[in-house]
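A.B. asks: Residue numbers (my numbering), protein chains in the order written: chain A, 1 to 476; chain B, 1001 to 1214.
Keep in mind the hints are simulated off the structure, nothing from the lab. Worth double-checking, as some hints may not be accurate.
To be verified - Computed footprint of chain B on chain A, listed as stretches where at least three residues anywhere in the stretch have a Cβ under 8 Å from a Cβ of chain B:
1. 342 to 352
2. 413 to 425
3. 465 to 474
Said to hold, decoys possible - Far from chain B, some chain A residues (derived; all Cβ distances over 12 Å):
4. S32
5. G78
6. K111
7. N121
8. Q150
9. G171
10. E208
11. D339
12. I372
13. L387
14. V452
Predicted model, so just to flag it, every value in this text is computed and none were measured. Think of the CB as a built atom: it goes at the ideal place given N, C-alpha and C, for glycine as much as any other residue.
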Amino acid sequence: MKKVLCILAAALTLTVTCSAAYSPYYTYNYNSDLEAVSSAASYLPSYSIGSGENTHISLKTPSDLEIEGDLCYVADTGNNRIVILDVSQRRPEMVRQISTFTSEQGEDALKQPSGVCVIGNELYVADTENHRLVVFDTEGNFLRIIAQPQIDTWAVDVEYKPSKVGVDGNGRIYVVGLSVTEGIIQLEPDGTFVRFFGSNRVVVDFYELALRFFLSKEAQKMRISFIPVEYSNITVDKDNFVYATCKADTNQVKKLNTSGNNILRTDARTKNVYGDIHYQSANIVDVTVDQSGNLFVLDSRRGKIFQYNELGDLLAIFGGNGTAVGTFTTPTAIDCTEDGRVFVSDSAKNTIAVFEATDFGTLVNEANAKFIKGDYQESMETWKQVLKRNANFDLAYIGMGHAYLQTGDYEQALECYEMGKYKKGYSDAYAEHRTKLLGDAFPWIMTVLLIVVILWFIFRKQIAKIPAKIKAFVDP
Amino acid sequence: MIKTKLKDMFSTLLYGFHACIHPFEGFYNIKHFRKQNLPAAVVILLATMVVIILKMQATGFLFQVGNPERNNVLLQVVAVLVPVGVWSVVNWSVTTLFEGKATMRNIFITTCFSLLPMVILYIPQVILSHFFTEEEGSFMMIIDALVIIWVVWLLLAGLASVQDYTMVKTIVTSVVTILAIIALIFLLAVFYSAIQQLVSFFSTVFNELTYWIR
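From just these sequences and the hints, can you work out the full model?
C.D. replies: Below, the structure is given as structure tokens:
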């Protein structure tokens, strides 16, 4: 009896401890046929801020967050304030909040701020409903106001509502405005307008064009006009590249260089489609870059986060729609800490969910970091560990293929590339393998050729009769 | 008896290769003078199926189209049999109205013999696919294009000589045949849907009756 109780107790503790690792969503990745195949979970929800054990911090419609060191800056839109949290511990501490301040006009307050950006010592806030940007230092002291810029091409009645803001190392300010379709507004550090940056192209709908051909002038005016999509969010990385997101079917995430061209690599399996690639296209609302250059892309349609490496290979998919910790109803912003935790804010659940990499995810990130640097040999062991946990992970086979190709072990490389369904690598490895094979087989080929020539010489009279024999058989 | 038949068939089969190069003369002779031409045609049809399955299953990794683990051999057999069968039936139906001299049997034999380039070229293509890199893939495409052009040419030339048509008339009847096949598919779809409606109607009536009786 005691034994049974012991086992029961053990089983109970086991289930309790296991429940910490329970995943509220399915994790998968795309194979070479672009089908979703199961994958081990790379990231699992760990805890949340604003609910559960952390109700001491109450948020209302958080719409943006930025993490700098141990501090997390949250645009707490519904409470008209910016919240600064110390997130180094599992229980975050409220460091300070910014809601009212003294400016040149006297007592002033933020009104529904929906964007934050921290650069060096300065905190930029997109004070949306006040039509301006406000700059504080990280201690929360007011520095200056950047009012609505003078934009000549705008009509008088255009309302300037900055929703997201990004600042690069040289102090250039990038502003995403609500319903601004011309592109990202680029400002000088002093707030003067420079240009519209990285403008989206107009996507021509051929059905609409064909329809307009038959419509009268009046009817054409009733149709929606072709306008480029507006940007939804921006992030500036440490090399001053601007990552921007927009709602579209392809190229939803862009990495813009100083001339406003998209330089994101799109030759990986999923090409230039971000988020889930089947059925309705994803509604990408935010993007962030981690320490090793991986992209975390947040899709608000399905509440999922997609992790891509620098080359565009999909590393992990996690999250989902729902109400459990780690699933979302209206996810708004994403950022990650230096130690690899991923923070995602949800404006309807009024929480920030925190994800941590699992054993598998850590291995993938580790191997991928070496892989991106080109240290294929060193990544080999880690890829093997990854494959032990998830044999569907094609990038691991490709990474191992690269390593074997480097060491000249072509046959192994061919096998790995075939497992990873990577035709380009296979072709390169095969070209090398073929040269080696031909070199080895050359004496044999020549010997066989010589024997054939000799045989033909000996039996040439008999051979000469064969065509006639066939002819006699076919045409009697 | 069987031995001579087999010998005749084999001889006709080999004559097919001659017909590939001299289609007008070759197909005329196959129709009028070669013995056991129907069995030979069936053998070629079977060989085509085998070669097409081989091409799907045994092509080297670099030139695989789709995933060979998912290929359905039965579906592949149907994909060869049905087009050849439908083509023979519909082409005969069309050409009898246009003073064609060929029977359905002749058309079937001609169609089967004109598939011979597939048997000839696909086997070396499959072997070569194991020795080519991606950059040399254009050779594969050239072979594919060659097979299509050759088969279409043989079919047109063969039908022209078998039906005693000019080339223009052959092309016109072939186009009409394709249109007729499309119409046939449409009719089949309509028929299928009508049968579906009918079955569901009767099953509903049956259900209603059983409820009523109960």
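A.B. asks: Against each hint, give a clear statement of whether it holds in the structure.
C.D. replies: Going through the hints against the structure:
1. Requiring three or more residues with a Cβ within less than 8 Å of a Cβ of chain B, the coverage given for the stretch 342 to 352 of chain A is violated, as only 0 such residues are present.
2. By the rule of at least three residues with a Cβ nearer than 8 Å to a Cβ of chain B, the coverage given for the stretch 413 to 425 of chain A holds, with 3 such residues.
3. Beta-carbon proximity to chain B at under 8 Å applies to 3 residues in the stretch 465 to 474 of chain A; the threshold of 3 is reached and the given coverage holds.
4. Not every C-beta of chain B lies more than 12 Å from that of S32 of chain A, the closest at about 8 Å, which undercuts listing it as non-interface.
5. Distance to chain B confirms G78 of chain A as a non-interface residue, since its nearest Cβ pair spans about 50 Å, more than 12 Å.
6. Against the 12 Å criterion, K111 of chain A stays outside the reach of chain B, whose nearest CB is about 57 Å from its own CB.
7. With a least beta-carbon separation of about 53 Å from chain B, N121 of chain A lies farther than 12 Å from that chain, consistent with its non-interface assignment.
8. No beta-carbon of chain B is positioned within 12 Å of the beta-carbon of Q150 of chain A; the least distance is around 55 Å.
9. The claim that G171 of chain A lies off the interface holds: its Cβ sits roughly 47 Å from the closest Cβ of chain B, which is beyond the 12 Å cut-off.
10. E208 of chain A, annotated as away from the interface, keeps every beta carbon of chain B farther than 12 Å; the closest lies near 30 Å.
11. Remark: the non-interface label on D339 of chain A is consistent with the geometry, its nearest Cβ contact in chain B lying 40 Å away (cut-off 12 Å).
12. Annotated as non-interface, I372 of chain A keeps its C-beta farther than 12 Å from every C-beta of chain B; the closest such distance is 24 Å.
13. No beta-carbon of chain B comes within 12 Å of the beta-carbon of L387 of chain A; the shortest separation is about 19 Å.
14. Even its closest Cβ contact with chain B, about 19 Å, leaves V452 of chain A beyond 12 Å, as expected for a residue assigned away from the interface.
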